[in-house]
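Note that the protein sequences, when read in sequence, are chains A and B.
According to this note's numbering, the stretch in the first sequence is residues 1 to 399, in order.
According to this note's numbering, the stretch in the second sequence is residues 1 to 62, in order.
No wet-lab data here; the hints were simulated from the structure.
Computed from a predicted structure; not experimentally measured.
Please note: incorrect hints may appear among the correct ones.
Unchecked claim - Lysine to aspartate or glutamate pairs mimicking DMTMM-like chemistry, simulated, CA-CA at most 25 Å apart: (1) A/K117 - A/D267; (2) B/K46 - A/E71; (3) A/K189 - B/E11; (4) A/K387 - B/D27; (5) A/K387 - B/E40; (6) A/K197 - B/E38.
Stated by the list, open to error - In silico contact screen, one side only, chain B against chain A (beta carbon under 8 Å); selected entries: (7) G12; (8) H13; (9) G14; (10) E17; (11) E18; (12) N22; (13) L23; (14) A45; (15) V51; (16) L61.
C-beta: ideal position from N, C-alpha, C; glycine also.
Here is how the chains run, residue by residue.
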Amino acid sequence: MAQHAPADMNRIVVVGHGIAGVTACHALRDAGFTGHLTIVGDESHAPYSRPALSKAALVDGQDLSAHLLPEATHGGLELQGVPARGVDLFERTVTLEDDTEVAFDGLVIATGADARKLTDSAHELTLRTMNDAENAQSRFVPGQVVVVVGGGALGMELASGAVERGCHVSVVCSGTPMTRHLGEYLASKITDVARGKGVRFIDAAAVSATADEQSTVVELSDGSQITGDVLVTAIGDHAHDRWLEGSGLLNGDRVVTDSRGRVLHEDGTVLPHVVAAGDIAHWEGERQPLWTTAIEHAKVAALSLLRGDLAEPLNFVPYFWTEQFGLTIRVMGQLPVHGTPEVIDTGAPKNAPEVQVVDPHRALLRWASDEGTGTAVAVNYKIPIPKLRRLTERPAAAA
Amino acid sequence: MRIELDQARCEGHGLCEEAAPNLMHLDDDAELIIDVPEVEGDDLAKAQAAVRVCPVAALRLA
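Based on the sequences and whatever the hints tell you, model everything.
Here it is in structure tokens:
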């Protein structure tokens, strides 16, 4: 049966004021929603750009407030610094930690994800928020021995930032870092460059750790220990969804949506008046915690609140990028990629053909998939997104 | 209002161009060109969307 949009959509509450929540608010207004809009967020900072926190902002030590998002123009009521505690689907209210109740006709769930931690020490650094980035800036000082646990994109970006700031860095990871995420080809390229910059890789799993304000000890799966001054972990995240326990909005313990972001009730029915977007959402069963994915989720979810099945379902090619050890890698398409890519270009920039210093890493690469589409990867290669996207669509070259 | 670009920070992702293709574009070398710096009305809303979507906060409205 077709899902129609609820007719009485006068009050919409958005929980979460990261990029998904903020985008949802603006998308609602852009689509003509003129009713009451309330956005609830647990951080006291105004919304900010998150990807920069582990990249440029970490390295150059710039004032992080420069990464605040532009002032909101959606005209909604912003309730900042108070987390939401629960949802009552019958009363249609969101309850905040301070007992405030906010009534809704439509609800957008966008509370993101939290870092997993190895210890319960406040001196274990992770990176999700602006406060985390400020902590990392203050601990990454020259000469410090930094132990990074986790070899995904975030762990490697933090390792890179620590190296740039003059620290001695070890990365603890089972197998070659970045392999699970990007595939063998790109992972070995990155780790080669990182080794050249002095990073030590320890092929083991971290079992446990201790950390205080000046030292850390990490116990490894092979029974050995590694010691250092600063413990940084990037061992994944978990959706920030515990506040929804008992609400009926968790499906198999997760927030699961259909192709338009509408949340599946625990009884399996699609709720036309509750949508989810961003890192918290298992969109059609799958979570994809990326900046551009959060934005696209939010646009689709906002429209489906207002228009039901008339809203277009999500349809986009994922975009991912990372900056580490002097490599900027942009990816359009599905990851990881396996095997050897087609090299499309390694040429010098068009605007500086006279430059003779060749960057050996610079390349535009493409991995073809069986369906005739592909994954396009630019390494230290500036290319506009639409062009990179077109490369994913190009049929595979005839064999 | 006026769209301001922090050229040093811009990494040429091009998400802004997708949000406001009539106001800005990346050239062949992925350098961002602001075609319409002064914006109002519908263009202002589009410019705000472009500023918001930038993952490195390289755009401002002043």
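These are the hints, each one checked on the structure:
1. Under the criterion of a C-alpha separation no larger than 25 Å, the hint pairing A/K117 with A/D267 is inconsistent with the structure, at around 32 Å.
2. The straight-line distance between the Cα atoms of B/K46 and A/E71 is roughly 14 Å, inside the 25 Å bound, and the hint therefore holds.
3. For the hint linking A/K189 to B/E11, the alpha-carbon distance of about 21 Å falls within 25 Å, and the restraint holds.
4. Only pairs whose Cα atoms come within 25 Å are accepted, and A/K387 paired with B/D27 is accepted, the gap being roughly 11 Å.
5. A C-alpha spacing of about 29 Å is found between A/K387 and B/E40, which places the hinted pair above 25 Å, so the restraint is violated.
6. Distance check on the hinted pair: A/K197 and B/E38 sit about 44 Å apart at the alpha-carbon level, beyond 25 Å; violated.
7. The criterion of a C-beta within 8 Å of any C-beta in chain A is met by B/G12, whose closest approach is roughly 5 Å, and the hint holds.
8. The restraint placing B/H13 at the interface with chain A holds, with a minimum CB-CB distance near 6 Å, inside the 8 Å limit.
9. The beta carbon of B/G14 comes within 4 Å of a beta carbon in chain A, closer than 8 Å, and the hint placing it at the interface holds.
10. Satisfaction of the interface hint for B/E17 is found here, the shortest Cβ-Cβ separation to chain A being roughly 7 Å, below the 8 Å cut-off.
11. Hint status for B/E18 relative to chain A: holds, with the closest Cβ pair at about 6 Å, below 8 Å.
12. A distance limit of 8 Å between C-beta atoms decides the matter here; for B/N22 the minimum to chain A is near 14 Å, and the interface restraint is violated.
13. The criterion of a C-beta within 8 Å of any C-beta in chain A is not met by B/L23, whose closest approach is roughly 14 Å, and the hint is violated.
14. Hint on B/A45 holds. Least Cβ distance to chain A is approximately 7 Å, under the 8 Å limit.
15. Hint status for B/V51: holds, given a least beta-carbon distance of 5 Å to chain A, under 8 Å.
16. The restraint placing B/L61 at the interface with chain A holds, with a minimum CB-CB distance near 6 Å, inside the 8 Å limit.
Hints 1, 5, 6, 12 and 13 from the list above are not met by this structure, while the remaining hints are.
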